[in-house]
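Asker: Listed below are the residues making up each chain.
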Amino acid sequence: MSHGFEIVWEHSDRLVAGLVNTVVLSLLGAVLALMFGCVVAMMLMASNRVLALATQGVVDLMRCVPFLMLVYLVYYGLPQFGIDFDNWTAGLAALVLYNTAYMAEILRGIWKNLPRETIEAATAFGFQGRRLYTRIIFPQVFLAAGPMVGNQLIQIIKDTAFLTIIAVPELTQAASGIQAQYFVPFAAFIVAIFIYWALCALVEAGTFAVERLAEVRR
Amino acid sequence: MTDSETTETVLDIRGLTKSFGSNVVLDGVSLKVGKAQTVCLLGPSGSGKSTLLRCVNWLEKPDQGSVYLSGRRIGVREGGHMAMSNAELARERARIGMVFQHFNLWPHLSVIQNIVEAPIHVQRRAKDEVMAEAEILLDRVGLAAKKDDFPSRLSGGQKQRVGIARALAMKPELLLFDEPTSALDPELVGEVVAVMKKLAEGGSTMLVVTHEMSFARETADEVILMDGGRIVETGAPGAFFKNPKTERARQFLQRYVS
Ligand SMILES: Nc1ncnc2c1ncn2[C@@H]1O[C@H](COP(=O)(O)OP(=O)(O)OP(=O)(O)O)[C@@H](O)[C@H]1O
Ligand SMILES: [Mg+2]
Chain B
1 MSHGFEIVWE
11 HSDRLVAGLV
21 NTVVLSLLGA
31 VLALMFGCVV
41 AMMLMASNRV
51 LALATQGVVD
61 LMRCVPFLML
71 VYLVYYGLPQ
81 FGIDFDNWTA
91 GLAALVLYNT
101 AYMAEILRGI
111 WKNLPRETIE
121 AATAFGFQGR
131 RLYTRIIFPQ
141 VFLAAGPMVG
151 NQLIQIIKDT
161 AFLTIIAVPE
171 LTQAASGIQA
181 QYFVPFAAFI
191 VAIFIYWALC
201 ALVEAGTFAV
211 ERLAEVRR
Chain F
1 MTDSETTETV
11 LDIRGLTKSF
21 GSNVVLDGVS
31 LKVGKAQTVC
41 LLGPSGSGKS
51 TLLRCVNWLE
61 KPDQGSVYLS
71 GRRIGVREGG
81 HMAMSNAELA
91 RERARIGMVF
101 QHFNLWPHLS
111 VIQNIVEAPI
121 HVQRRAKDEV
131 MAEAEILLDR
141 VGLAAKKDDF
151 PSRLSGGQKQ
161 RVGIARALAM
171 KPELLLFDEP
181 TSALDPELVG
191 EVVAVMKKLA
201 EGGSTMLVVT
211 HEMSFARETA
221 DEVILMDGGR
231 IVETGAPGAF
241 FKNPKTERAR
251 QFLQRYVS
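Residue numbers (the numbering used here), protein chains in the order written: chain B, 1 to 218; chain F, 1 to 258.
These are computed hints drawn from the structure, not numbers from a lab. Take these hints with a grain of salt, some might be off.
[Claimed, not checked] Listed next, the stretches of chain F that the computed footprint assigns to chain B, with coverage defined by at least 3 CB atoms under 8 angstroms from CB atoms of chain B: (1) 81 to 91; (2) 112 to 123; (3) 141 to 155.
Treat the numbers as computed from the prediction; the structure is a model and nothing was measured. Glycine is no exception: its CB is placed at the ideal position from the N, C-alpha and C atoms.
In isolation and in its complexed conformation, chain B is listed as follows:
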């Protein structure tokens, strides 16, 4: 009758600890990637062609690197240059670096398609520089970006699972530990999968809320 679920249940504290790390890494990673993504999006949209093209090059490169490779590079490669992280920080750094490129690309795509007229109206009313971005451009971009950013957040949650290879104690690492110790692979992984699914459902709900907000504001 039992497939090891009661063993997994007994060690649920380990799964919860892993889940907390997964959630914290995902949220921190997403928020930081979104913040840096704004800056990079501004560089992509810069009227300075050299800056825009150079940034595009770096973003494209970043999006072509397998995430696993980037994690290896940050964790094993950077210490060669004296940049030494613990595994948790290395994992977060890789997440942020990688997803900044994706977020920037998402934001730029939406920004490019904003109606030019509302931005021009803002210019006519004396907006420029930082306030033009923070008051007029980015609020519109964020409202329209809800579904795509939600999608990317789900991607980030799944990416955190890769961090198990540098021994970050996240959910996959915890499930893996339990199954290896008690040989209950099915139960351990099924429970972990179920938790990932629940996280994604939460993100979907958040995305839906943003969409409801955005509906009347466009």
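Let chain B serve as the given structure and place chain F with the ligands on it in line with the hints.
Answerer: Frame of chain B; chain F with the ligands shown alone:
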């Protein structure tokens, strides 16, 4: 009432030229708008009316000529040689209110937020004071009840009245209107024209591009006809509509006045 010599000049455009590539869109345009005057700019499509308005607040940089607002040159620093920085230009633009054909309200902001946005964040005025004024403005354009709605929920006429209130909230020295009623369903034109007439009578200084001939005839102090990037005729509305001096004006009126 062509007493622009005696009244104080608010807008003074001198010898403005602008080309896009080889397309000469403005070919030496000069005009003045006196304080509390309403000047209507008429002209066929493509004659350069929008470009002229956009050169006034430097959304489009003129090739030659100059724009003075209450005696201060726009776009060029004192001395006349150095171009203004973006920040300086923005400060000058905030002295001019603009109303657009397609409203161009900020969709992410409610009606009242649209109105207070620039006074608070560009002009840096006190929020309480600006909010109180905005309520009065909304009342004046008949939209007090729509204060917390978003633009997407308004009719065209309502949007344009918000657009006008938004421009007024800046307490601008000059109001520019670019075909404010052209995108409206015919039955909604009246409500916007009524608001504009009240403004004109209330002493606002307005430069209005319009195809709404009745507005020009009844409200303008001066009517200017543009064609091919030049001013072809200028006059008081009475004379202009009854007795145009030029052949070009006669043709235009035949086409646009039913
Ligand atoms: N940014 C631009 N780049 C290139 N050409 C432009 C630009 N803006 C305007 N033009 C051209 O300038 C000419 C005048 O345009 P403008 O919009 O000023 O005319 P208008 O009198 O406002 O016409 P309408 O009544 O159709 O609004 C047109 O031939 C137009 O194609
Ligand atoms: Mg036009």
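Asker: Decide, hint by hint, whether the structure agrees.
Answerer: We went through each hint and held it up to the structure:
Against chain B, the region 81 to 91 of chain F contributes 5 residues with a C-beta closer than 8 angstroms to a partner C-beta. That satisfies the three-residue criterion, and the hint holds. Counting residues of the region 112 to 123 of chain F whose CB lies closer than 8 angstroms to any CB of chain B gives 5, so the stated coverage by that chain holds, three being the minimum. Counting residues of the region 141 to 155 of chain F whose beta carbon lies closer than 8 angstroms to any beta carbon of chain B gives 3, which reaches the threshold of three, so the coverage claim holds.
Consistency with the previously given hints is maintained throughout, with no hint failing.
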